[in-house]
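I would like the entire structure built from these sequences, with the hints used as guidance.
Those protein sequences? They're chains Y and V, same order as listed.
Following the numbering used here, the numbering of the first sequence begins with 1 at its first residue and continues without gaps.
Following the numbering used here, the numbering of the second sequence begins with 1 at its first residue and continues without gaps.
It should be emphasised that the hints constitute simulated quantities derived from the structure, not laboratory data.
Glycine residues also receive a C-beta, built at the ideal position from the N, C-alpha and C atoms.
Worth double-checking, as some hints may not be accurate.
What the hints assert, rightly or not - Here are the simulated distance ranges between beta carbons:
{"id": "1", "chain 1": "V", "residue 1": "P171", "chain 2": "Y", "residue 2": "G32", "range": "49 to 59 Å"}
{"id": "2", "chain 1": "V", "residue 1": "G46", "chain 2": "Y", "residue 2": "A30", "range": "15 to 25 Å"}
{"id": "3", "chain 1": "Y", "residue 1": "R106", "chain 2": "V", "residue 2": "R70", "range": "34 to 44 Å"}
{"id": "4", "chain 1": "Y", "residue 1": "R106", "chain 2": "V", "residue 2": "G83", "range": "34 to 44 Å"}
{"id": "5", "chain 1": "V", "residue 1": "R70", "chain 2": "Y", "residue 2": "G135", "range": "33 to 43 Å"}
{"id": "6", "chain 1": "V", "residue 1": "P171", "chain 2": "Y", "residue 2": "T105", "range": "26 to 36 Å"}
{"id": "7", "chain 1": "V", "residue 1": "S98", "chain 2": "Y", "residue 2": "A18", "range": "22 to 32 Å"}
{"id": "8", "chain 1": "V", "residue 1": "Y55", "chain 2": "Y", "residue 2": "P195", "range": "46 to 56 Å"}
{"id": "9", "chain 1": "V", "residue 1": "L196", "chain 2": "Y", "residue 2": "R106", "range": "23 to 33 Å"}
{"id": "10", "chain 1": "Y", "residue 1": "E179", "chain 2": "V", "residue 2": "E170", "range": "29 to 39 Å"}
{"id": "11", "chain 1": "Y", "residue 1": "P79", "chain 2": "V", "residue 2": "G135", "range": "33 to 43 Å"}
Stated by the list, open to error - Footprint (simulated), chain Y over chain V, 3 or more residues, beta carbon under 8 Å:
{"id": "12", "segment": "54 to 64"}
{"id": "13", "segment": "123 to 136"}
{"id": "14", "segment": "154 to 160"}
{"id": "15", "segment": "167 to 181"}
{"id": "16", "segment": "185 to 193"}
Number of protein chains: 2
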Amino acid sequence: MSAAPRRGRRPGAPDTRAAILVAARELFAAHGFAGTSVRAVATAAGVDAALVHHYFGTKDDLFLAALELRVDPRVALLPVIEGGVDGAGERLMRLFVSVWDVEETRLPLLALVRGVLDPGGQQLVRDGFFRMVLGPVGSALELDQPERRMQLVASQLIGLVVLRYVLAVEPLASASSEELIATYAPTLQRYLSGPLP
Amino acid sequence: MSAAPRRGRRPGAPDTRAAILVAARELFAAHGFAGTSVRAVATAAGVDAALVHHYFGTKDDLFLAALELRVDPRVALLPVIEGGVDGAGERLMRLFVSVWDVEETRLPLLALVRGVLDPGGQQLVRDGFFRMVLGPVGSALELDQPERRMQLVASQLIGLVVLRYVLAVEPLASASSEELIATYAPTLQRYLSGPLP
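This is the structure we're talking about:
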């Protein structure tokens, strides 16, 4: 993104693409994914809806672009989903570590997590994390009670994020990827396919 | 606290006790528990150190008072500790729910959790949660690698706090106490006494 070519002839011109992203982020934060239309984003950015689709594709694409993640979860989650529920705990944990332990992908996620404490940010986390990540995984794995199970998974992963990446408590902050995977995969697997009370 | 008798004769007088608490909270947030002396708190509040001890007791007591919890964790944790490591996951989970599901005790804890995202607040969470709660439990239960194990426990409980009490996602936010205990106790127990990688 930082290497995007400048339009040299219009030094003071607003960057249309950036304006759309700003509008999208504000509206998604205020009204959630369901309460935000591409048309409303276009209006807020002062452009035509067709231009939004031209730049960003579908509303899902626009939402993901507004989150400014460096990874498309729909792609990244494929290997987790494709193997079915057996071993999904370990594969999900492996993906989690591969995304969170690399600064380039961690920083935008951390920004999202920090938003958890203000209402707009909460909407983004709910829609971003639950709609774009947990929902698709739960249904692709054909879990019984997918929402409930994926929330248990989320409750473990979010706590790990807070301790390892936000508070950076030791020794957890320095634990190796393999140690994390071995520690947490059984928990995730139990939440995915174990008995529920 | 709201029912504390007013000292009617001194309407404009500063509340010494409150001033000490404010100073303590600021210093603990800025310098952590270890980096804050009772003397420094007394100086910041403009009183003698003996008065701080008179009002609040030990430095531990002062710290807990500054956190403004409604429960003394040293007392609340006794039933968790006394039974030894067998079943401690369930007893800890039961205590957790009993504290977090009651508004009076939940609100001050939520305030502490919200502090996780600013550096001063992080120091309070680290000292408050780890020094006052997790540390004592880990050593009283005579765990091997107590720090590591208690951090795993914390990583689950903090995530549960975020999802159930901060984001309030359903169905987790409405799950019954017994359901939560049955779901999470095995996880905590594995972290307390199961094999570590």
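Status of each hint after checking the structure:
At about 19 Å, the CB distance of P171(V) to G32(Y) disagrees with the hint of 49 to 59 Å. The hinted range of 15 to 25 Å is not satisfied by G46(V) and A30(Y), whose Cβ atoms lie roughly 45 Å apart. At about 36 Å, the CB distance of R106(Y) to R70(V) agrees with the hint of 34 to 44 Å. A hinted range of 34 to 44 Å holds for the C-beta pair R106(Y) and G83(V), which are about 40 Å apart.
Against the hinted window of 33 to 43 Å, the Cβ-Cβ separation of R70(V) and G135(Y) comes to about 37 Å, which satisfies the hint. Checked against the given bound of 26 to 36 Å, the beta carbons of P171(V) and T105(Y), roughly 30 Å apart, stay inside it. The beta-carbon spacing between S98(V) and A18(Y), approximately 50 Å, falls outside the hinted interval of 22 to 32 Å. Remark: the range hint 46 to 56 Å for Y55(V) to P195(Y) is upheld by a beta-carbon distance near 51 Å.
At roughly 25 Å, the beta carbons of L196(V) and R106(Y) sit within the given window of 23 to 33 Å. In this structure the hint that E179(Y) and E170(V) lie 29 to 39 Å apart at CB holds, the actual value being about 33 Å. For the hinted restraint 33 to 43 Å between P79(Y) and G135(V), the CB-CB distance of approximately 39 Å keeps it satisfied. Under the rule that three or more residues need a Cβ within less than 8 Å of chain Y, the assignment of the segment 54 to 64 of chain V is violated, with 0 such residues.
Note: the segment 123 to 136 of chain V has 3 residues with beta-carbon separation from chain Y under 8 Å; the three-residue rule is met and the coverage holds. Check result for the segment 154 to 160 of chain V against chain Y: holds, 7 residues qualifying (beta carbon to beta carbon below 8 Å, three or more required). Interface restraint, the segment 167 to 181 of chain V with chain Y: holds (6 residues with C-beta to C-beta distance below 8 Å; minimum three). Counting residues of the segment 185 to 193 of chain V whose C-beta lies closer than 8 Å to any C-beta of chain Y gives 3; at least three are required, and the coverage claim holds.
Hint compliance for this structure: hints 1, 2, 7, 12 are broken, all remaining hints hold.
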